[in-house]
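There are 6 protein chains.
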Amino acid sequence: MPQYYILFLFFLIFFSSSSHASVQDFCVADLKGPDGPAGYPCKSPANVTVSDFVFSGLAKGGNTTNIIQAAVTPAFVAQFPGVNGLGLSMARLDLAPGGVIPFHTHPGASEILVVTRGHITAGFVSSASTVYLETLKKGDVMVFPQGLLHFQVNAAKIHSSAFVSFSSASPGLQILDFALFANNLPSALVGQTTFLDLAQIKKLKGVLGGTG
Amino acid sequence: MPQYYILFLFFLIFFSSSSHASVQDFCVADLKGPDGPAGYPCKSPANVTVSDFVFSGLAKGGNTTNIIQAAVTPAFVAQFPGVNGLGLSMARLDLAPGGVIPFHTHPGASEILVVTRGHITAGFVSSASTVYLETLKKGDVMVFPQGLLHFQVNAAKIHSSAFVSFSSASPGLQILDFALFANNLPSALVGQTTFLDLAQIKKLKGVLGGTG
Amino acid sequence: MPQYYILFLFFLIFFSSSSHASVQDFCVADLKGPDGPAGYPCKSPANVTVSDFVFSGLAKGGNTTNIIQAAVTPAFVAQFPGVNGLGLSMARLDLAPGGVIPFHTHPGASEILVVTRGHITAGFVSSASTVYLETLKKGDVMVFPQGLLHFQVNAAKIHSSAFVSFSSASPGLQILDFALFANNLPSALVGQTTFLDLAQIKKLKGVLGGTG
Amino acid sequence: MPQYYILFLFFLIFFSSSSHASVQDFCVADLKGPDGPAGYPCKSPANVTVSDFVFSGLAKGGNTTNIIQAAVTPAFVAQFPGVNGLGLSMARLDLAPGGVIPFHTHPGASEILVVTRGHITAGFVSSASTVYLETLKKGDVMVFPQGLLHFQVNAAKIHSSAFVSFSSASPGLQILDFALFANNLPSALVGQTTFLDLAQIKKLKGVLGGTG
Amino acid sequence: MPQYYILFLFFLIFFSSSSHASVQDFCVADLKGPDGPAGYPCKSPANVTVSDFVFSGLAKGGNTTNIIQAAVTPAFVAQFPGVNGLGLSMARLDLAPGGVIPFHTHPGASEILVVTRGHITAGFVSSASTVYLETLKKGDVMVFPQGLLHFQVNAAKIHSSAFVSFSSASPGLQILDFALFANNLPSALVGQTTFLDLAQIKKLKGVLGGTG
Amino acid sequence: MPQYYILFLFFLIFFSSSSHASVQDFCVADLKGPDGPAGYPCKSPANVTVSDFVFSGLAKGGNTTNIIQAAVTPAFVAQFPGVNGLGLSMARLDLAPGGVIPFHTHPGASEILVVTRGHITAGFVSSASTVYLETLKKGDVMVFPQGLLHFQVNAAKIHSSAFVSFSSASPGLQILDFALFANNLPSALVGQTTFLDLAQIKKLKGVLGGTG
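Protein chains in written order, with my numbering: chain A, 8 to 219; chain B, 8 to 219; chain C, 8 to 219; chain D, 8 to 219; chain E, 8 to 219; chain F, 8 to 219.
None of these hints come from the bench; they were simulated from the model. Fair warning: there could be bad hints in the mix.
Because identical chains cannot be distinguished in the list, a pair is counted as satisfied if it fits within a single copy or across any two copies.
[What the hints assert, rightly or not] Taking lysine to aspartate or glutamate pairs in the EDC-like style, the calculated list, with each CA pair at most 20 Å apart, reads:
| id | residue 1 | residue 2 |
| --- | --- | --- |
| 1 | Lys164 | Glu141 |
| 2 | Lys144 | Asp59 |
| 3 | Lys209 | Asp59 |
| 4 | Lys145 | Asp59 |
| 5 | Lys210 | Glu141 |
| 6 | Lys144 | Asp37 |
| 7 | Lys164 | Asp59 |
| 8 | Lys212 | Asp59 |
| 9 | Lys39 | Asp59 |
Let the sequences and hints guide you as you build the complete structure.
Rendered as structure tokens:
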């Protein structure tokens, strides 16, 4: 038994001397720090608690009383600092009847989706312009390779939901319509680079708050 | 209009000359090929269809009529070849009342979990031996940093479920009890390297089919 | 001097015993082999010559007598096997007067461009929908972060050219118009997921050879 | 000869203009800075000396007069800032007769071991629960894949030693017994998640300073 | 139309809540911050403008009136903060008639070169000491695998130029002659470790400002 | 007890269904297969035994009866297939009195060295041409950042030895003298690109078997 006490002491000593090294088990984001190419600086491990690793913001769906009748609720590093440096993150999709998550990309991550309610028609398009399109039932899983244009549409008459996960703590989200129409990119330039008609461009710029 | 026809031809020519390059949009696993450090060889893109990117095996929970009253259903690259090379995968956890996913690690990935039914008590232990323990409600998300020991226990009187995602297409799964007791590692050596009593070791070896 | 002879022998012996290890200096693609998540299998080093590391296909610009009055000539791994595994590749842009490289993304790479003739107006849009737009002169360099929508337009009255480099041997290329209009994605679904008018969609599907 | 002087000037000019770029040859850790997912911020290169790249702390073995009769002396980034960002680190193992490095994992690194004195029985267990076990002689090398449970036991009647290297500057170290028994994880929960008997758990919690 | 207004509002809300997450589209270097293993901290996105992504320093060649009759003008992260974290950078080579970029390595990057004027003889040597040597014409591309010794020599009677790109924002540059002769490494040690004659060493040390 | 039997069955079923996924615990090289950018294809796990993870080739030093009076014995992936894909490897250095490991680089890895006998003077040179030089005693550790020129010299009157580890399974090895003098690179070109005198070049080409 006295021997055991020594064991106890030994380990205490060992751990105290190597305590710095164990920091890199995880790196909860200090969102006040400047981020870098690999993510945010780490919160001091002494201040980390289990609440840093738990996120309750996906328990409820976002508000779908908008024109797309849909909502995306992110749990990226900016909302959920515990994923910093771990190479993954999540989001929740909610689609009211008729709801649509319009064409978008995640510049820095692949995505995997699992339907938790209703039916969702999802699709992505490859560099070769091939369409991969499927209507998913509850429990079905679909994967969207990194950086490719994709969308999700409610295929049920009821509210549909899904959880999506990403291969990055900060996958990014570029919604096509906003990239094209919700800024000051001159309409003529949009026309030149998309072959869309000017009237179409101006109409959507009007809707999405773009100028030019 | 004839101009448009030229545009059409131009793009066709462009795409045929660069068709090889577009392969790396994705790399659906050819599971018959020998795998390598980065995953399996790619199935020929000509044979890839949307079904390669869709997996229905998580729609139903696994059979929980076993002693742990729980089941893990994986959608790793071996079950879902579409995730090959994309740096993510999924699994489904089902826990009957009293069910337990015992202590385990994923040697090659971090994990993010979202509860879809019931309540789950989950925890992980850091290198500094600190315990991060929480009882999660439906919709709660928890993250488990790479390689650390963790577990999940049903905290509800009903069946509980969760989806988990990983930061690798092949996260691995090392269940502690199986690593220690379900093989031919000599009992004396298990004792020396775990400080467990020999009787305890032999009892669990008996249960789990280990020898020696 | 006899000593030197021994040195000579020593190194020969040393190198023959370690000849396998030196393979990974480079990994020229064997394009006949199945590719994998990290690229193509390596051509046998014994068969590699300097011509595997040299590519002459960018010396001339592509044919710009098409409706976009522009051409992209790639030197990706499919055209230039020497870049396999090295994390970079190139392409050449040629824009006749009025020429346009329409909105596109590279799902797997950042891009850096240098103007070699004329003037080019280039822009990209961030996830926050901010436009970064500049007219570049000969010798100017611009960088386009990974996966973001961008375009290039000739801003000169003469033929303009540029070399672009990528942070991947296989950056991919997704041209927005082709993703939306050059395949069998049903027009109604395109409308739902882009907010474009059906007439606009059908017009561009007609031009680009899309159906549905 | 005056020409040479110009060469000299040329290079001086060249180097001063690119001096910042050369920083990333190495990134000696500034341990006072907040670390991030990729490691610590870099010490100013102007203050870096050769002593930052040299570590003498492994010259002597750790104290083995403890119950495991063994010691692990780390040269991780926390002890040896010069390895920051270089993707490797070292440690020294010392095992008195009867000494044991108990079951543990390195969550973020593979390990390679070379015996420098005595004999060491080492083993690791795969996800498939297969045991890979060998008694190593002086000069023998063994590799332990990332994240898997492994151990080392003195197999000689004399003091045995080894050097181990890791594929990370911060490999982490999770000792199984400490993860299970040296914290406040409730005994009942340990029992549920390990199938160990409560008496066994309480005994080891007593020894290792755990509570609950 | 009121519906559209709601759409507008929806997106505004969505984007403001996820604004942090979009930071990682890019990470323009704040060169005042301490760099880390993955690069510099990010400039606040609010202060980023298109000028951070544009670099005009390569429009003119460097001064070649020096003994090597050549100049290297870098656009690495230290000169061009916009490439921080994007895994690429550029430089411009200028070689007057007779100009030479002497043997050098980039410790952290592969390189791809395109000739824009004149003719350049370029070569690299593999670990197996095989030479890969070619005289490149305008428009020819050559790739130099990471870390290998290589050089470029003007093969034309006119000024020759090239653009080179790297697979890192901070590729490093180690010029062989400077590593050996432009510092205080004792001449005897240089002789021992290069087999060069002492007179040769002292001569070049004299030229390049080395001591010892 | 019958319950335990069910547990046993459960785990067997679970593991057989996920057996493919566990392959990626490790990827022992099948050296007959074509290698790729990430390493060699994996040997079938069914044929893997502990001997794949153990290497005895470093137990004895290499033959130092040669002009450099030194030997490098590698345990890279080509000699030790078990390290494939694990991001590390080893080698052994032996230096007889007067022995020298001449200037060299590892294009793809950082190196960490520990002296096991005698004294070794080791040094590396940074991109800024600064020399980091130290005479190491038994047990001292030194790290050499990726891709930089470095050397080791016996500083004792007795045989000295060291173990070195690398941050890659295939670090490569480019010995400066061999790159310059042991091939058919024309002497005039060597002179142009190194500033060495022709007589010096021809002398070393003669010694090392170079031509031209």
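State whether the alpha carbon distance between Lys145 and Asp59 is at most 20 Å within one copy, between copies, both, or neither. Classified as between: cross-chain Cα gap 18 Å, same-chain 30 Å, threshold 20 Å.
Between the shortest in-copy and the shortest cross-copy C-alpha distance, which are at most 20 Å for Lys212 and Asp59: within, between, both, or neither? neither (40 Å within a copy, 27 Å between copies)
With identical chains, the pair Lys209 and Asp59 could be close in the same copy or across copies; at 20 Å between alpha carbons, which is it: within, between, both, or neither? neither (45 Å within a copy, 29 Å between copies)
Within, between, both or neither: Lys164, Glu141 at alpha-carbon 20 Å: Cα proximity of Lys164 and Glu141: one copy only (17 Å, versus 36 Å across).
Which holds for Lys210 with Glu141 at a C-alpha limit of 20 Å: within a copy, between copies, both or neither? Answer is neither: 31 Å inside a copy and 25 Å across each miss the 20 Å cutoff.
If the cut is 20 Å between Cα atoms, do Lys144 and Asp37 qualify within a copy, between copies, both or neither? Classified as neither: same-chain Cα gap 39 Å, cross-chain 26 Å, threshold 20 Å.
From the Cα coordinates, with 20 Å as the cut-off, is the pair Lys164 and Asp59 best called within, between, both, or neither? Result: close neither inside a copy nor across copies, 37 Å intra and 27 Å inter.
Are the CA atoms of Lys144 and Asp59 at most 20 Å apart within a copy, between copies, both, or neither? between (33 Å within a copy, 16 Å between copies)
Homomeric proximity label, Lys39 with Asp59: Cα distance no greater than 20 Å: within (15 Å within a copy, 23 Å between copies)
Violated hints for the displayed structure, listed by number in ascending order: 3, 5, 6, 7 and 8.
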